[in-house]
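Spelled out, the chains give:
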Amino acid sequence: MEIDPLIFRLSIFILSIFVGYYVVWSVTPSLHTPLMSVTNAISSVIIVGAIIAGLSGNSESVFNISSIFGFLAIALAAINIFGGFLVTQRMLAMYKKKKINK
Amino acid sequence: MISANLSAVFYLVSGVLFILALRGLSSPETSRQGNLFGILGMIIAVTVTFLSIGNFSSGFIFVLIFILVGGSIGAFIAYKIPMTAMPELVAGFHSLVGLAAVFVAISAFLNPEAFNLGQPGNIKLGSLVEMSIGAAVGAITFSGSVIAFLKLQGIMSGSPITFKGQHFINAIILISIIVLTYLLCSTQSSNLFWILLTVSFLIGFLLIIPIGGADMPVVISMLNSYSGWAAAGIGFTLENTALIITGALVGSSGAILSYIMCKGMNRSFFNVILGGFGATEDTSTGSSKEQRPVKSGNADDAAFLMKNASSVIIVPGYGMAVAQAQHALREMVDTLKKNDIKVSYAIHPVAGRMPGHMNVLLAEANVPYDEVFELEEINNDFANADVAFVIGANDVTNPVAKTDPQSPIYGMPVLDVEKCKSVLFVKRSLSPGYAGIDNDLFYKENTLMLFADAKKMTEDITKNL
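As you go down the protein sequences, you meet chains A and B in turn.
Just so you know, the first sequence maps onto residues 1275 to 1376 in my numbering.
Just so you know, the second sequence maps onto residues 622 to 1086 in my numbering.
These aren't lab readings, by the way, just hints derived from the structure by calculation.
Careful, some of the hints might be misleading.
As the list claims (entries may be wrong) - Computed list of chain A residues with no C-beta within reach of chain B, every gap over 12 Å:
#1 1275
#2 1278
#3 1286
Claimed, not checked - Each pair of labels, with its calculated beta carbon distance range:
#4 B:1050 to A:1302: 33 to 43 Å
#5 A:1367 to B:808: 33 to 43 Å
#6 A:1302 to B:803: 39 to 49 Å
#7 A:1302 to B:624: 40 to 50 Å
#8 B:746 to A:1367: 41 to 51 Å
For glycine and all other residues, C-beta sits at the position ideal for the given N, C-alpha and C.
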């Protein structure tokens, strides 16, 4: 009997929780704010779902009720991706300057 | 168009890059490289999605337009936002992730064929379960984050909003979400889907309103965690490894941060979530003590004390962020250093409104990060320091947490500020802190209260040094 692919995805999920657990404990407390902004940015990888939704229309009509929700989700996720990564970059650059200052 | 197997491999690669992005944050030196890994992972995920759909017709143009529009808004915000507004920004961003998850779920529910999930009214059972979970958690993340945002921004009062039967109503709604999910999956009714979404929005709102301003570090971390679980739920629906890995990472990251924050306050997670802490009931005990004598001084006195010190420890708190005093503080420290005075900074885990809030503000003011210490690292040094300069912190310095078992903050780890030879406490008035209790530190023999705006006082001290 074949194993349901769901079980594979579940395995990935559970193992990733453990990876996340150990990786996040090793994050230095002074970088907890950048950690939040970068997790914010990467969780916006949900944009892949939004893109599939946005492209669900056919060649005659790009817009249907489902693809409109997709497009809205694309815009929201894009705000997060650009905003999240850039603001993280901006914060981390400040931590860099320190060293020069010493 | 690339094969499903190949794209799955690429999604895995982007998931691994996201892990490396978080791994990089273990030290400031590797963190910038980590961020680049994250960006790379995102580029791969998006590109692979385009290639695997292989539809570059007019719809593709619109996708690009929406990415550009959203991206420019995001970039604009990222460059404009002041560092003191970081908690609001993160709360706002969480709400967007939540709403995006909801929109994707709605889209998948209305047009399951596009996602290979079956037909409307006959969606694969497993997918429908995953979709409902993703949508419900996304909706809770959205409305909860909006409330957190409004509270942090000061548009909504930061004090807890409580009413009778609150927990009972919340419990009923949470149970009804589970029942609705079950009914939705057995009937495939679209009405139930909309009801489920509405109820989830409502509970997110109700869960956050009773939680007070200073508990926001826990709330933000918790919502961070929720946004991860929502993404993971959608990841299962779309059978997408990158989303599942990321959702799990973000979910556990937020959960760990909530745990650290709760520990910093010596309170259980449920105690924070049930809310109402620091509501007005506690103030009656404080009023009788208000007659105790307090020594207050001016910038000149403070400058004199610091000039004659050989080591100074600075304890920043949320008040520093409110007064935007971090740059003035750093100038003061520069002057102190010129006089060969050793200066370090002590940061309590829950100082500020989000994890690491104070560290970012000090970093913005060009304070070297190796002068900034966590509570456990520096707490023993107070006994040997000459002056503690408390700027905008209150409850986290209250010795009552160690001495009075009756106190609501008893057992909370606090900075041993009172062990310093002298304490300078910058504060606007003698009003109690967030927990609604009097701070014994104000009345200690060796404490000098500096009643003023944090920024102005710091500037005045610098002039007098």
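Now for the hints, and whether the structure bears them out:
1. 1275: Holds, since 17 Å exceeds 12 Å.
2. 1278: violated, 9 Å
3. 1286: Given that some Cβ of chain B is not farther than 12 Å from that of residue 1286 of chain A, nearest at about 6 Å, it is violated.
4. B:1050 to A:1302: 33 to 43 Å: Roughly 35 Å apart at Cβ, these two residues keep to the hinted range, so it holds.
5. A:1367 to B:808: 33 to 43 Å: Distance hint for residue 1367 of chain A, residue 808 of chain B is violated at roughly 53 Å.
6. A:1302 to B:803: 39 to 49 Å: holds, 43 Å
7. A:1302 to B:624: 40 to 50 Å: holds, 41 Å
8. B:746 to A:1367: 41 to 51 Å: About 48 Å separates the Cβ atoms of residue 746 of chain B and residue 1367 of chain A, which means 41 to 51 Å holds.
This entry does not satisfy hints 2, 3, 5, going by the numbered hints stated previously.
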